[in-house]
Each structure stands twice: as structure tokens, then as C-alpha cells.
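**Q** Protein chains in written order, with the numbering used here: chain A, 70 to 168; chain B, 2 to 415.
No lab work stands behind these hints, which were simulated from the structure alone. Note that beta-carbon positions come from the ideal geometry of N, C-alpha and C, so glycine has one too. One should not assume that every hint holds.
What the hints assert, rightly or not - Residues from chain A that face chain B, not an exhaustive set, calculated with beta carbons under 7 Å:
#1 THR117
#2 GLY119
#3 PRO121
#4 SER125
#5 ALA152
#6 ASP156
#7 ALA160
#8 LEU166
As the list claims (entries may be wrong) - List time: in silico DSS-like cross-link candidates among lysine-lysine, alpha-carbon distance up to 30 Å:
#9 B/LYS274 with A/LYS157
#10 B/LYS275 with A/LYS157
#11 A/LYS81 with B/LYS414
#12 B/LYS352 with A/LYS81
#13 A/LYS157 with B/LYS357
#14 A/LYS157 with B/LYS414
#15 A/LYS75 with B/LYS414
#16 A/LYS157 with B/LYS140
#17 A/LYS142 with B/LYS274
#18 A/LYS81 with B/LYS140
#19 B/LYS350 with A/LYS81
What the hints assert, rightly or not - Cβ-Cβ distance ranges computed for the label pairs, FRET-style:
#20 B/TYR90 with A/ALA152: 47 to 57 Å
#21 A/THR110 with B/PRO354: 24 to 34 Å
#22 B/THR161 with A/TRP149: 38 to 48 Å
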Amino acid sequence: MNLQEKVFEALKSVYDPELNINVVDLGLIYQVEITNEADVTVTMTLTTPGCPLHDSITRGVRYCVEAMEETRKVEVNLVWQPAWSPDKMTAEGRSYLGR
Amino acid sequence: MLPQNMGSETNIKLPFSFIFFSLIALVLSQILLLVNGQMMVNGSFRIPAIWSSAHLLVLGWALMVAMGSMYQLVPVAFLTKIWNEKFGYIQFIVTAAGISTFSAMLYWAPQRALIPGILTLLGILMFLFQMFMTLKMQKKPTILTAFVGSALVCLFITITLGITLIYCLKTGVGAAYYQAIFKSHLLMGITGWFTLLIFGFSYKMVPMFALSHGFPMVHARYVYGLYIVGLIVSLISFFTGSSILLKLGFLLLLAGFSIFSWHIRLIVKKRLKKRLDKPFTFSLIAICIGNIIHLVAFITWCSHDSSALIGPLVYVYLLLWIVLSIVGYLYKIVPFLWWTYKYSQEIGKAKVPSLKDMMNEKIITPILSIFIGAVITVFCALAFKITILFNIGQFVLSIIFIIISLSIFSVFKK
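Please work from the sequences and hints to get the whole structure.
**A** Here it is, written out as C-alpha cells:
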């Protein structure tokens, strides 16, 4: 497993507290970029602009990746384009919502 | 993919202060009612204890909850920071001190209630100023801005009409218009301020809690247009005494509310979350009830003898539309605020509870079902003038209000 895959795996421990689904299965993580071997840039979104949990979730993503031994510098970019849509969810995420 | 700064970070302490105060006010208002129950059995409603209780309920609870919720929801819904948070804390202190002393004076020395009343008024005016400055900063106003902005205008008109009423009573000036001013005061306060506010925030909260996507928003414009015109036409009818205008006004309000209900139904149908949370479900039930009350009000106003039902309808509208909506959303807002306070620094580091874990959801259905039952009992008692039924319903309602407050307080143990 390379670092990018490890980051994705680790992010499965960060949950949206309202929906109780992890940010990966919810489809919030758009991209994990690795530069200089250990610097990580996570590009992510939220289900709606102005989500009240905006700060908590992005902070959680940062803390989670920073806690990994293999990472050095961590940056979290929150983007709104492309906007989140249900088709970005994984099958696990959908099943949790009863879909 | 451009990163964006939302500017919607919520300062938890400010909305929390309002909501905490409001819950204490709710408990106190109901204790006052229960302690003075004997007076009410004898039909004595116009006594200092009841004045105090009513103001604690309407100002101390409903208004403070609305203010606290706005301090949390305005940054979320309008993607803008609160204009001046320090001013917000001062506003809280002024309003809380005003309402506390006002209610206390109504209980112990009503003749000395003027200065606390002015203090309360100052707090409300400070809130209006804060919100207008905040909404002014919004980069791109939306239909939600129109709903919330108009609700604030209605709150201002409600206060102005309230002061005018007191002036009329004291001086006798404009006695001919007293009834028209009183009706306008009620209309602006209940259907203007509270209903428009709930409409506006529902358009943010319903899709958020149901995780709805791909729904149309065009209906909101018709809701806004019809409801605002309905309010204006109804106001004109009060002052002109025109029964045709009154019927037209209530028809427009009914049409606006009905489109709102239908629109919310469309939004909920587009949801991803199959099972909705219980408190949120009750907020949706409140919309159905609100719609039914609008229909009944219209039919009542069309009938020849409607005066006997006005009071009971206002009561049931206040309790089963406004209060039930607020309580439903409070069960979502308070766990969120406490979770943010306690766990937002832990997420990503350790396992944290979900918002649903912050309270016992099993109690919601029985509590709110009994609440609805008690309000319907009081409504029937008022409509058919059955004192014993009123006492039973009001007693159950007071107990339920205290249980609701305690269940919300229980979130703080999590």
C-alpha cells in the first residue's frame, strides 16, 4: 500500500458526526496528493456550502493525516467545485443511509 | 477547484448563552404556571404571576431561542460572519437582564416594569441592528435573505405596535384603532416574525438534515410573494374593517403556506437519508399542522361568527406550528453546539460520538406526542369553554415543557 492509499484508509476513521458516515465513503475526499515523499495535500468538499460542521470536519481530516507517522507537512484544501453530489458516495456510504 | 473561505465559523458560546438562558426561562415560566394553577382554575388569568409566566415564555424562551439560533444559523445559511460578536455578547446581557427584571417586576411590582421593559426593548433593537448589519455584509443575497430580512422587519413592526398599544392604553389616544393595532401586533409577531423566520431557515435545515439534493428552489419565490402580500392585505383589512380584504389576506397566507408545505415535501422526497431523525420529523409534522391551521383560519374567517375561535386558533398556531418547530430544531441545534464545544478538537485524533449519540432519541416521540395531545386538549377546552379540560391540558403541558427542557439539558452530560 502506497502513502496515498494509506491516507485514504486512515481518513476512513474521520466521520461526519451528523450522518455518521466516514468522509471517504461519503465522497468528500476528492484528491490526496503526495509531494516530496511525505508532504500531503488533501482536496475535499462538504455536502453543502455553509455546513455547520465545516471547521470540525476539515480539522479532523488534518489531525488524522498529521497523526500518521509517514507524513510530514499536511494541507487541507476545501473546494466547492465540483460540487458534492450523491453519486460521489461509495456503495458502503449509500447503504448506511438505507439506499 | 478553487479553495474557498466560507467565513461561516460559528462561535458556539454566543448562541449557547441565549439557548441556555431560554431553557431556564421555560422551566421558570412553567413552574410559575403550576404554582399559580389554583388561580387559573378560578379563571383568574390577568394576575401578575400569569403576566410574568407569559412574558418568560414568549420573550424569555421563544424570542431568546430565536435569537440564539440566528446567531448560529445566520453564518451557516448566509455564509457571512456575525457583524460584531462583542456587540452580540453585550446584546445578550442587556436582553437577558431586561427580560429577567421585566418578568420579575411583573410578578412583584408591575407598576415598576417600565424601566426593565425599556431595557428589554433596547436588547431587541440591538439584536435587530446586529442582524441587519450582518445581512448587509452578505455577498450574494438569496431568497433566504428575503425571508429572514422580512422576518426581522416584522419583529420591528411588532415591537412598534406593542409600544403603540401601551401608549393608546395609557393616554386613550387612538382608542378607535386599538383593536386594529392589537390584531396587527399579533399578526406581525406570530405570522410575520416567527413564520417567515421558520420558512427561511427551513430552506437551509430541511435539505441539510434530510441530505436532499437536486430539488427545485423556484417555489420559494411564490411562497415569499404570496405570504408577504397576504400579510400586507390582512394588515390593511384590520384598519379599514374590510371583510373582503380580510378573507383575501387569509387566502393569500393559506396559499403561501400551502406552497411552502408542498415545496418542503418535494425537498424531502429528494432526500438521500431514508430514515429521518425523530426531532426533525416533528418539525416536519409542525409544517403539516401549520398548514391545517391556516386552512381552518381561512374557513373560520369566511363564516359569519368567527370571533369565538380566534383565540384558540392563535393559541394552537403558536404552540403546534411555532413552538413545535422550534423544539424539533432545538433537539438538533443543542447537540450540535455541545458536540462542537466538546469534541470538535478531538475529531480525527480519537473516536468521537455522532450527533445522534448526544441524546436519547427514544424519548422524543412520546414527549412530543404527549405535547401535541396536551395542546389539542387545551385548544378544545378554549374552543368549548371547558375549564376542567383546560386545567388538565395545561398541567400536562407544563410538565412536558419541563421534561423537554430537562431532556435538552441532559445533552450537557454527554
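**Q** So, for every hint listed, does it hold in this structure?
**A** To see whether the hints hold, each was checked on the structure:
1. Because the smallest distance between the Cβ of A/THR117 and any Cβ of chain B comes to about 6 Å, under 7 Å, the interface hint for this residue holds.
2. The interface hint given for A/GLY119 holds, since its Cβ lies 5 Å from the closest Cβ of chain B, which is under the 7 Å cut-off.
3. Because the closest C-beta pair between A/PRO121 and chain B is about 5 Å apart, less than 7 Å, the hint holds.
4. For A/SER125, the interface hint holds, the least distance from its beta-carbon to any beta-carbon of chain B being 4 Å, beneath 7 Å.
5. Given the 7 Å rule on beta carbons, the hint for A/ALA152 is violated: about 9 Å separates it from the nearest Cβ of chain B.
6. Interface restraint check: A/ASP156 against chain B, minimum CB-CB distance 10 Å, threshold 7 Å, status violated.
7. Because the smallest distance between the Cβ of A/ALA160 and any Cβ of chain B comes to about 13 Å, over 7 Å, the interface hint for this residue is violated.
8. The interface hint given for A/LEU166 is met, as the beta carbon of that residue sits about 5 Å from the closest beta carbon of chain B, less than 7 Å.
9. A threshold of 30 Å between alpha carbons decides the hint, and for B/LYS274 with A/LYS157 the separation of about 15 Å falls inside it, so the pair holds.
10. For the proposed pair B/LYS275 and A/LYS157, the alpha carbon gap of about 18 Å is at most 30 Å, so the pair holds.
11. Distance check on the hinted pair: A/LYS81 and B/LYS414 sit about 28 Å apart at the alpha-carbon level, within 30 Å; holds.
12. For a cut-off of 30 Å, the pair hint linking B/LYS352 to A/LYS81 stands: about 12 Å separates their Cα positions.
13. Restraint check: the Cα-Cα separation between A/LYS157 and B/LYS357 comes to about 24 Å, which is no more than 30 Å; the hinted pair holds.
14. Taken as a hint, the A/LYS157 and B/LYS414 pair is broken in the structure, with Cα atoms around 36 Å apart against an allowance of 30 Å.
15. Pair hint A/LYS75 plus B/LYS414 does not hold up; C-alpha atoms about 36 Å apart against a cutoff of 30 Å.
16. The hinted pair formed by A/LYS157 and B/LYS140 meets the criterion: a straight-line CA distance of about 29 Å does not exceed 30 Å.
17. Our distance criterion of 30 Å between C-alpha atoms is broken by A/LYS142 and B/LYS274, whose separation comes to about 36 Å.
18. At roughly 35 Å between alpha-carbon atoms, A/LYS81 and B/LYS140 are farther apart than 30 Å, so this suggested pair is violated.
19. Our distance criterion of 30 Å between C-alpha atoms is met by B/LYS350 and A/LYS81, whose separation comes to about 12 Å.
20. A C-beta distance of roughly 36 Å is found between B/TYR90 and A/ALA152, which places it outside the suggested range of 47 to 57 Å.
21. Checked against the given bound of 24 to 34 Å, the beta carbons of A/THR110 and B/PRO354, roughly 30 Å apart, stay inside it.
22. Taken as a hint, the range 38 to 48 Å holds for the pair B/THR161 and A/TRP149, whose Cβ atoms sit roughly 41 Å apart.
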